[in-house]
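Visitor: Take the sequence shown: its letters are residues 4 to 130, numbered as in our numbering.
Warning: the hint list may mix true and false statements.
Below, a list of computed lysine to any residue pairs in the SDA-like style, where the Cα atoms sit at most 25 Å apart [stated by the list, open to error]:
hint : residue 1 : residue 2
1    : K112      : A86
2    : K124      : L110
3    : K118      : L12
4    : K112      : L18
5    : K118      : W106
6    : K118      : Y14
7    : K112      : N9
8    : K124      : W109
9    : K118      : N9
10   : K112      : V20
11   : K112      : L23
12   : K112      : N122
13   : K112      : N8
14   : K118      : L16
15   : K112      : L55
Source of the hints: derived by calculation from the structure; they are not laboratory data.
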Amino acid sequence: MMITNNRELYYRLLLAVWLLLCGYVLVVHLLNIPAGADAERTELFYLEMLILTFPLGYMAGLLVGAIFAVLPEVGIEIPLTVAQYGNVLLAWLVMTATGFFQWFVWLPKLFTWIKSIWNRKLNIRRS
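Generate coordinates for the entire structure from the input sequences, incorporating the hints supplied.
Guide: Dropping the structure here:
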């Protein structure tokens with residue numbers, strides 16, 4: 004596909020950098036998960052993903068955390084290793100998807116919508 008203008012080039016470059024950063028956070032965290040639970044590393048993972056996916060990623064991360072907190076309460080026991088990796092993988096997937104739609108789908112549509120309203124108001128005033 005041909006890139007037609009500088010705005011599209013910047014958009015694709017920003018998307019590529021953002022996806023690389025999200026992937027980097029996941030890989031670094033998965034490679035550094037210790038045998039035991041390490042709350043500081045998990046908090047750092049969530050903080051990094053929160054920065055990349057703020058503000059809606061915060062709600063997505065809370066949802067995943069709540070799911071993994073509720074499972075033992077309802078009698079579903081998950082082995083520690085599975086819980087650590089599963090929590091990180093699911094949180095990363097949900098937060099990355101939420102951040103992608105937030106930053107690269109909904110926000111551009113919102114700007115387009117605001118721009119169209121602005122242009123209509125300017126055209127009405129000129130008439």
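Visitor: Tell me, in ascending order, the numbers of any earlier hints that this structure violates.
Guide: 1
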